[in-house]
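2 protein chains.
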Amino acid sequence: MVKNLLDRVGTITLMGPGPSCVTDEVYRAMSLPTLGHMDSEFIKIMDGIKEMLQKVMATQNRLTVPISGTGSAGMETCFVNLIEPHDTVLILKNGVFGNRMFDVATRLGAEVDAVDAPWGKPIDPEMVKKQLEKKKYKIVAIVHAETSTGVRNPIQEVAKLVHQTDALYLVDAVTSLGGIPVPTDELGIDALYSGTQKCLSCPPGLSPVSFSEKAVKAITNRKTKVPNWYLDMNMIIQYWNGAKRVYHHTAPINMLYGLYQSLYLILEEGLDAVYARHMKYHNMLAQELEGIGLAMLVAPEFRLPMLNAVIVPEGVDEAKVRNDLRNTYNIEIGAGLGDLAGKIFRIGLMGHTAREENVVKVVSALKELI
Amino acid sequence: MVKNLLDRVGTITLMGPGPSCVTDEVYRAMSLPTLGHMDSEFIKIMDGIKEMLQKVMATQNRLTVPISGTGSAGMETCFVNLIEPHDTVLILKNGVFGNRMFDVATRLGAEVDAVDAPWGKPIDPEMVKKQLEKKKYKIVAIVHAETSTGVRNPIQEVAKLVHQTDALYLVDAVTSLGGIPVPTDELGIDALYSGTQKCLSCPPGLSPVSFSEKAVKAITNRKTKVPNWYLDMNMIIQYWNGAKRVYHHTAPINMLYGLYQSLYLILEEGLDAVYARHMKYHNMLAQELEGIGLAMLVAPEFRLPMLNAVIVPEGVDEAKVRNDLRNTYNIEIGAGLGDLAGKIFRIGLMGHTAREENVVKVVSALKELI
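First to last, the protein sequences are chains A and B. For the first sequence, counting from 1, position 16 maps to 16 in the working numbering; every step adds exactly one. For the second sequence, counting from 1, position 41 maps to 41 in the working numbering; every step adds exactly one.
Everything labelled a hint here was simulated from the structure, so no lab data went into it. Among these hints, one or two may not hold up.
Claimed, not checked - Below, a list of computed lysine-lysine pairs in the PhoX-like style, where the Cα atoms sit at most 25 Å apart:
#, chain 1, residue 1, chain 2, residue 2
1, B, 280, B, 367
2, B, 3, A, 55
3, B, 138, A, 320
4, B, 50, A, 50
5, A, 320, B, 367
6, A, 214, A, 225
7, B, 320, A, 44
8, B, 50, A, 3
Work out the full structure: start from the sequences and follow the hints.
Structural data, given as structure tokens:
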């Protein structure tokens, strides 16, 4: 036999755009003995996950469950369940993940329009208002925390505009959930999805989603079957919420243990404390980076605490800096994507990564390298 | 805080239709430190997984990768990438998973026909021959190991018939892979999918797939985009096989560690030894069950070693037997599904479950309970 490559896996401080650092408790949870997916003890764990997700998502939505795929599977789930052919969809986009939404919805046969903002700037509610006055939409979709640029989009202001229409309000909370408040019910969000590998600090593999009663009605009253068996919420709801749990697909048991434990740790610390911790170390990071002459891409009022876009100074070889960080300091940070490739570093402070020692570590390493 | 339910998770001997027993080595692999999904060390692990999957699937197919979802996501992947609206598809069905294929293909807008066999009996190649003479199909699909009934379908005989036409040959190897030979290249299988939680003895969460050059051509030459962003092989191939790995979605890192380790253990034991072990303990189980007066559903020549369908004797409360096995003996076995609900037990001997101690354990418990 060849050498087992897993023997070489060491600890890297994950300060990129996700995955984030994982606690020992979550690793331990993931290695607990696998139970059957219809086992009564496992069903109690599923119920615990749903309850804890409701708390972290600030929602009473009964249909609040993790999808058996990574964050993009959550995006696919929300769109494929809500869109029927020729439905009108408005995507507000200012980065990679807004673009991805546009692609997903288009592939599903929707009539898709967009309101754009430059990468690094937030969506402008005025432009959304104008577009909503022009045309009637079934769905309006926005990315809360645009991971590709570090911008926090104004989901509250947009919520008000959307609710002056009949549209369903769809929000990508992949990077925001567990790092800044995601007030699902307060803002009347109808469909929300997230990922486990960002501020929930669990390895990647699951995508928590939540649907309002209005969204559930749209799904159950579809004229056509959901063109995706694996992600059809009409069946998934029977397994997760049915009085008699009906087998759909075999749930990823050990990943769900990991999610259970990561939600447990967040609620044990307290949501407010968790949000304050993200903000505290974000502020420390921004200040320290400015102290060594680095500038942030995004204006202070729209910055995400968990994803810090830092402008690569003139003359600096950004790929070399990232490689040196990885190979000499065992720190991973992210590169820019799309229009911002080569122009920014993306430094994540997500979940368990958002700690003082990590801020100190990355800033002192960058100071030596730049 | 409420009590942490994970504290109650104990070891259950998993002898149902999957998930199967997991080795300590695989649990340990899953709790290794998470690496970034673009990390060069992780990419080596991905390459190792592809190579080992090729060996277990007996294929040289370059596009042999695990999909980031459970077995049914693999089914969805094969159909959604190969089907364009109005394509003709023939499904050979004799159980739950054949029915699921029919549903998946129908939702994707294909024109779907079926050749049926009674549950508990194999597909009849004569009937397939007649249907293929009547109509031209783009895809012919069959389940190798029908987990709902314990039937091994004649994929070799059907292969010959399919290859007299231009059709793509699609095979569900969810339960067969790693338990009986799956000669992908020898049979000219064009699209194959499996799951990790059966004979690979890894927790559920991933679905290995493999596509022949002919299938890859069909995918890359599509007239329409794949109506599923998350499972679009045109993009997934860039992440798994591209000279420059292009980010698609964040891979489920720790699940992939588990798959790596489980494939490593299978190849270390040797594929022939693994198949022989499955057959040996299947024969022992069938003999011992007959010794205590229980009969098998399937005729000997079509029985699967890893999934044993056992007829519930007249007057026995099958649900009570399963509950007692679970609660008194810590053994999970499966119930019948669909037409066979209440009529059979399904006893799995998949992967690490296929050991003498487990055969002895389940037979002696059943002897006391029936």
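Here is what the structure says about each hint:
{"no.": "1", "hint": "B:280 <-> B:367", "result": "holds, 21 Å"}
{"no.": "2", "hint": "B:3 <-> A:55", "result": "holds, 16 Å"}
{"no.": "3", "hint": "B:138 <-> A:320", "result": "violated, 49 Å"}
{"no.": "4", "hint": "B:50 <-> A:50", "result": "violated, 35 Å"}
{"no.": "5", "hint": "A:320 <-> B:367", "result": "violated, 67 Å"}
{"no.": "6", "hint": "A:214 <-> A:225", "result": "holds, 18 Å"}
{"no.": "7", "hint": "B:320 <-> A:44", "result": "holds, 20 Å"}
{"no.": "8", "hint": "B:50 <-> A:3", "result": "holds, 15 Å"}
Of the hints listed earlier, those the structure fails to meet are numbers 3, 4, 5, in rising order.
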